[in-house]
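As given, the protein sequences belong to chains A and B, one line each in that order.
Sequential numbering of the first sequence, starting at 456, is according to the numbering used here.
Sequential numbering of the second sequence, starting at 456, is according to the numbering used here.
Each hint should be verified, as a subset may be incorrect.
Because identical chains cannot be distinguished in the list, a pair is counted as satisfied if it fits within a single copy or across any two copies.
Unchecked claim - Cut-off 35 Å, straight-line C-alpha distance, at most; resulting in silico cross-link-like pairs (DSBU-like, lysine-lysine):
| # | residue 1 | residue 2 |
| --- | --- | --- |
| 1 | K772 | K788 |
| 2 | K510 | K469 |
| 3 | K657 | K469 |
| 4 | K714 | K595 |
| 5 | K469 | K772 |
| 6 | K788 | K580 |
| 7 | K469 | K512 |
Hints listed in this document are in silico derivations from the structure and should not be mistaken for laboratory results.
A quick note: this is a predicted structure, and the numbers were derived from the prediction, not measured.
There are 2 protein chains.
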Amino acid sequence: MIHGGDVYTDGILKGIELLDYSSNINPLGIPYSFINNINSAINNLVRYPDIEYRKVKYSLKEYTNVSSEEFFVLGNGAAEIIDLAISMLKRILIVVPSFVEYEINAKKWGCKIEYSHLIERNYDKTLHDFTYDYKDILNKLKYVDGIIIGHPNNPNGSIIDKDEFKNILMYCENNGKIIIVDEAFIEFTGNIDDSFISEVEKYKCLIIIRALTKFFSMPGIRFGYGISSNKKLVELIKMRQNPWNINAFAEVAVQNVLKDKEYIHNTLEWIREEKEFMIDKLKRIYFINKVYRTNVNYVLCETKNIDCYKLYEECLKRNILIRMADNYRGLDKYYVRFAIKDRESNVRFLNVLSSI
Amino acid sequence: MIHGGDVYTDGILKGIELLDYSSNINPLGIPYSFINNINSAINNLVRYPDIEYRKVKYSLKEYTNVSSEEFFVLGNGAAEIIDLAISMLKRILIVVPSFVEYEINAKKWGCKIEYSHLIERNYDKTLHDFTYDYKDILNKLKYVDGIIIGHPNNPNGSIIDKDEFKNILMYCENNGKIIIVDEAFIEFTGNIDDSFISEVEKYKCLIIIRALTKFFSMPGIRFGYGISSNKKLVELIKMRQNPWNINAFAEVAVQNVLKDKEYIHNTLEWIREEKEFMIDKLKRIYFINKVYRTNVNYVLCETKNIDCYKLYEECLKRNILIRMADNYRGLDKYYVRFAIKDRESNVRFLNVLSSI
């Protein structure tokens, strides 16, 4: 298992309903603003999508508040854009631990890989923190063509300090390096200023990647997008893509959910409350050695006395799926990542942890 | 315009409803067997799809009657599989005129390209025919790693004579060459024995590509698949793919429409009647010089006194979109391709042609 979210192997395909704490999806579920408009997708199915996806790009422009539709490149999930952005680099710096696909993609394209490890610190008396090593990143950029960085980072939920990052941005802009910022989870921070979209028009070195997957709770719809004011980069990525890579349902979803203010509001209310609740409770579980600070809807923890394999098994016996984090580069078998869900699920989950 | 089916630029985005004779989609529309089960797709949306797509592959195995799910590789439309199959070849033979993406993909991957041109003959007194040049193909295979061949071929609708093709199959099997057979339209011939699926277990050189797009009238759903008993080839293609490349709606569609016997039956009844009707009528249009024999739901024609640009314009004025076929390698500005639709549309279309 290299990803979270496999509720099939031990669940659905055996007829068992699992509570999925392994993948990080908004528990508010599919926005009604999509479901209420699904008929227009059904009506569009018999046609090829607009090969230029003009309406989709217009919606993205409105949502992200950038000045041109030409900044966008669309993907069958963020996975496609991550893969193609990485394919542009011969030598890449990957900030780790992070989403395992970065490394898989880089190897697939034969990139030479450098790593910059997060550094650990105490955030306060009870909370640990993994943060970016800005100096190390700046040093290592000399030896690569670009960097990919999770923001918020997965599996720990850290976000970039923009002041600290300024030197990196400037260096990359002046030296023709590419910065791939994976913002798949950014909306969960609740602060739009956290995003690097506000920098994208100024810095051509930036490409930001986002998706409907996490915040809008639609991993099954397969829609992601890249944003860059670097026309050449956008064109090179497009040249590697196949036509009609976005399905008719994703087209309709984009045009509706991004302007669903009620859904966005409710999500931010939920995460604000539940993040605090979960972190507070997790600190009290006896086999959890460290809880890491997070800005989003998942929490990285280090265990003691029980490793992630055993904990996975114990949770699975109780019909809960968790994410063993031992296959993240730099982490070991004492790391696990938990989703944050609605209160009822969280209580059930915490009770299960307490019972182990 | 390099593809058919752009009803957006001159139609939808200007608020004009066009009758689309440029793309070749089953006019019976989306199968109810999909629509009736759409709720299960909606329920699945909040989860990542099964990364192995086990149920989807089972349905494909049942439909195609091959012996193993392992023969399948799934794509976000046939376009993805065509692209990745071509990427396996350093030197490729393309049978032309054919789907323009073959050449675009081959160039993208830096393949050295050889061409084998269809040869023209009179089929009978009133019908022309473009057919494969089997001898030329066999000769040229020496200089390449593999071949891609449309079957039925687009834009003319020819199918392969299996007896004539036998030597080619044997040669490729014995010399490590790959044969990519694009069967996107094969079900329209009405004869399952036309397909090369029956040869796929015997010949490891074969990879067959299909989709839900044309026959099941769902270009918007984005689902295609490759079938090969060549495990190494299947694995190499999979290694180039991104995870979760099939969306939740396509998953549900595959599991339902492929066993929709009523839809399949009705489609075959329709095409049998309408193909004859359209061909018969097209022969009588004064500016149509040649009508080409077809086995499927589109007809290639050569015009006289009016070129495809002018004909396109005249049709567009009357709210009908046609496919200019001048950008197919080997064809010129006197070629057009027409879809075959339901009787009512066909009559309207033929009346428009007669009025020009």
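Now for the hints, and whether the structure bears them out:
Within a single copy, K772 and K788 get their C-alpha atoms as close as 19 Å, which meets the 35 Å cut-off; across copies the closest is 68 Å, which misses it. For the homomeric pair K510 and K469, the shortest alpha-carbon distance between copies (13 Å) is at most 35 Å, but the shortest distance inside one copy (41 Å) is not. Proximity of K657 to K469 under the C-alpha cut-off of 35 Å is restricted to the inter-copy arrangement: shortest distance 34 Å between copies versus 52 Å within a copy. When the C-alpha separation of K714 and K595 is checked against a cutoff of 35 Å, the pair qualifies neither within a copy, at 40 Å, nor between copies, at 56 Å.
In this assembly of identical chains, K469 and K772 lie within 35 Å of each other by CA distance solely inside one copy; the values are 13 Å within and 58 Å between copies. Only within a single protomer do K788 and K580 lie at most 35 Å apart by alpha-carbon distance; the minimum there is 24 Å, versus 76 Å between protomers. In this assembly of identical chains, K469 and K512 lie within 35 Å of each other by CA distance solely across copies; the values are 17 Å between and 41 Å within a copy.
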